[in-house]
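Trainee: Taken in order, these protein sequences are the chains called S and B.
First residue of the first sequence? That's 1209 in this note's numbering, and the numbers climb one at a time after it.
First residue of the second sequence? That's 131 in this note's numbering, and the numbers climb one at a time after it.
Simulated from the structure, these hints should not be mistaken for lab results.
Heads up, some of the hints might be wrong.
Said to hold, decoys possible - Label-pair ranges, simulated between beta-carbon atoms:
#1 1241/S with 379/B: 51 to 61 Å
#2 1236/S with 168/B: 38 to 48 Å
#3 1446/S with 283/B: 22 to 32 Å
#4 1621/S with 614/B: 43 to 53 Å
#5 643/B with 1367/S: 14 to 24 Å
#6 614/B with 1619/S: 52 to 62 Å
Please read these numbers as outputs of a predicted model, since none were measured by experiment.
Note that beta-carbon positions come from the ideal geometry of N, C-alpha and C, so glycine has one too.
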Amino acid sequence: MTKTSCKIVCPFCSLLCDDVTVSLDNNRFEVKNKNLSLCKKKIEFFNLDKNNRLTPTINNKTSSLRETISTTEKILKKSGDITIINHGVDMAGVRSMLRLASRYDCTIDHVNSKYLYNNIGLVQRTGYMATSLTEVKNRADVIIIFGNDIFKKSPRLVERISSGKSSLGFFKGKRKIILVGNFDANATKVARKIGLVVNLKTDIDMIPKILSQLMQRNDNSTFKLSKSLREIHNIVTKSTYLVASWSASDFNKSSNSERIINSISEFIVERNINYRAACFPIAGNLGDSTSSQVCTWMTGFPSRIKSYGNTFKHDRYLCDSELIQNNKTTDTVVHFSTLSDQKIKLNKSLKNIVLGHPKSKLSCIPDVFIPVGVPGIDYEGIMFRTDNVVSLPLKKIRDVALPTIDDIVREIT
Amino acid sequence: MNILLKSGKVYDPKNKIFGKKKDIFVTDGMITSKEKIKGKIDSIIDCTDKIVMPGAIDLHTHIGGGKVNIARLMLEEFHTDNEGKYDSSNIIAPTTIKTGLKYIEMGYTSCFEPALLPINARQAHSEMSDIPFIDKGGYALLGNDDFFLDLIKKNSSQSMINDYVAFILNASQSLGIKVVNPGGINAFKFNQRALDVDEKSKYYDITPRKIISVLTRAIYDLGIPHPLHVHCSNLGIPGNFLSTIETIKAAGGLPMHVTHIQFHSYGNNGDKKFSSASVEIANILNNTDNLTCDVGQIMFGQTVTMSGDSMSQHKNHKHAHPHKWMCMDIECDAGCGVVPFKYRDNIYVNAMQWVIGLEIFLLANDPWKIFLTTDHPNGGPFTSYPHLIKLLMNKTFRDDILAQLPPDVQKHSVLKSIKREYTLNEIAIMTRSAPAEILGLYKKGNFSFGSDADITIYDTKINDIEEMFAHPSMVLKNGTVVVKDGKIKEYLWGKTHTVKPDYDESIQKTLSKYFEKNHTMSLENYQISNQEMIDHIGSKVETTDCKYSRKQ
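Model the full assembly from the supplied sequences, consistent with the hints where possible.
Mentor: Structure (structure tokens):
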């Protein structure tokens, strides 16, 4: 390929930004946007060099694709109980995973399920008032962000909801951002780019109590609030469209993450009795939304499912891949990984088959490794954004002869 | 592959064939004549003692898109049974696979998602592509998106609005345009809780009447076969029949399809301030040219309501059963609400809703103007269609159920006095020929030569009409036997029907700037190409011609 440049849809975080410009030179790409250091690092990580795993291996020995697929089939046929772990794939990858699971009666889990269920649990317990990214950008005059780490997980969140002069003009005056949790000074600095910031430092387990106090104040004007809560209360009561945002994994250190998320939702539901407000949860960065959407429409369940003949059943605990591996109730694990830059932990005492991108970091040598392309870099595809309503088309920008996950699964099934 | 369906009792209303004994020839997936068959007949299907109809068409069923998937996710406890491939859900929020299986088992071969948000079109089509057997399509939602409302506010020309409507149809790969609670969903985002037909929205200063008028004109000017598909203002509110009539008048005589009209036919008389206005609504349907409707019949039992009408759904959330619900504001484009609900036959209002739907069916004179729907799953699951057909065809059966409802219901209803029983001809019209015609699908819903060989064969030896319609003895999709004696014989994947009117491409420049400034994705990524439909979404596209060249 000659030197050129193009815009990509970045598949490496749940915001799926489609304004990232990369220059291309002999299949190497470089992010050209300014001030995208975290994203740049993440995207450029996928540039290849000669040390990467571009050929299939069986027990770390280079093998032909045909031989590797044949060995994979033999392992799967001999296996008593197979688990598929999704470390991040596009829509076609999830469809393939379901096909493979159906063929070999596998369990499917997503590596981020425990975080995913924090938010999904809210839908299944009570439901909630939700909004989406463009609504937040144009309509939210007050945004409360709960947690501690959201800006590191979604580096461009602030930029993406920043409307400035370019909004539809639904609210006047300066936007206000309320941070509730353990946000550091840098988070305040980042949030200040889009509005006036109030940073309420608190233990995340205090969030339900804080919100309860704000609601009691609504019901009873004589209910006394601390100075900082009075300030928050004043801002909230003047809001025309209040948005509450969080990243579910921020609450995992809490003794009761469900209680925190429930309390945020209740606060927003109550606000909607007379005003408008909505929740905007941020999903994980490994295709969590894509996985949950496709699994839900094809099986009725977002994750942690097991195929039994012609049907899928769901059990949040019995299909927990970590538990299954630790308890050795599975003998073979198939890892699907096209987006992760994190080390994938393999259990040495089990058979491990990895369908992974060439830069996959693995904790030990798998029985089989089949290199596959990266959606949005090596092949076209579709992924879902954090709000679960927008899905975007991914482009192919690199010309490397790597199969897709779907190509491999079609051979196996 | 040549097939002969021999000696069936054929119902083909478009060709004025009503129960006549006849042979039907199929070659390469299409209906043909005996004379045009080349070579030998490969398969003869004996249709003696069988009724042969074109495959049924559901023109309003929520089968794909964000709100459908929210319902599946929310109602985890409903997914309990063990039938079918990839399937563990029941019929209230069925998986894609189960949706296809249940439709094809009943002889339905084409189904249309009526609330396809343009911004969510990629998801809706992806879901629908995973529904086996049936052909599908969707109606793009307009009338609550900020770009459109701003066009009206700025007094933009009808021609520019037409360009926008045409662009949306192309970009979202849709077959028609639907408006839900015109302007109301948008007004809810600005904290308005109601919007009557002649009430102005606070922010845009626009009435629902204006939105209806502009959109019906756009559809007419562009020559789009399916009229504007309208979910009227004030859904579910006692006394709303008046605003329904005003909404119909807003079309100014241009074609309009009013959907789930049962939910919009309520009076507010009587001591319970809730009554039937079926007579008034049927009267306007019978006397207004260019007006069609589907009923949205309710069925007693558990279901889940899902709608783009976030204003109404938020209002209704206190009735949720089980008690959980979700509403969403979506991308300055639309909204949605999902509220599970149980219709109870011992509750006056629910029983009246059941009565009102049936009254409208039975008081409507012309089966070409009224279509059989439950607004799946809002009024009840689509699997209740055979039961509904029996209610329409059998007065005794209908009266027996009516007698079990609260005594007040009978006092406030004309249902008992209606003697009409639908005939098989009329059922064939309202479930086949009429929906095909109103959607502009000229190769569907009939046995004309060249039409798709989507065929349902019923056994006349089954005495119970509900049982007969629930379990056709055979279903052919594109000339392939997919169901025989209740068993799936072969999996097929249908195509997506679209319409692609012309537009002035300068609208794209305007929209591109608008997206860059206000949206969070580019216009380029908003649009879905035919190639993307095939390569990634997973469905072939069939484009229906517009009725005529664009008028302005």
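Trainee: For each hint, tell me whether it holds in the structure or not.
Mentor: Status of the hints after comparison with the structure:
no.: 1; hint: 1241/S with 379/B: 51 to 61 Å; verdict: holds (53 Å)
no.: 2; hint: 1236/S with 168/B: 38 to 48 Å; verdict: violated (58 Å)
no.: 3; hint: 1446/S with 283/B: 22 to 32 Å; verdict: holds (26 Å)
no.: 4; hint: 1621/S with 614/B: 43 to 53 Å; verdict: violated (27 Å)
no.: 5; hint: 643/B with 1367/S: 14 to 24 Å; verdict: holds (19 Å)
no.: 6; hint: 614/B with 1619/S: 52 to 62 Å; verdict: violated (32 Å)
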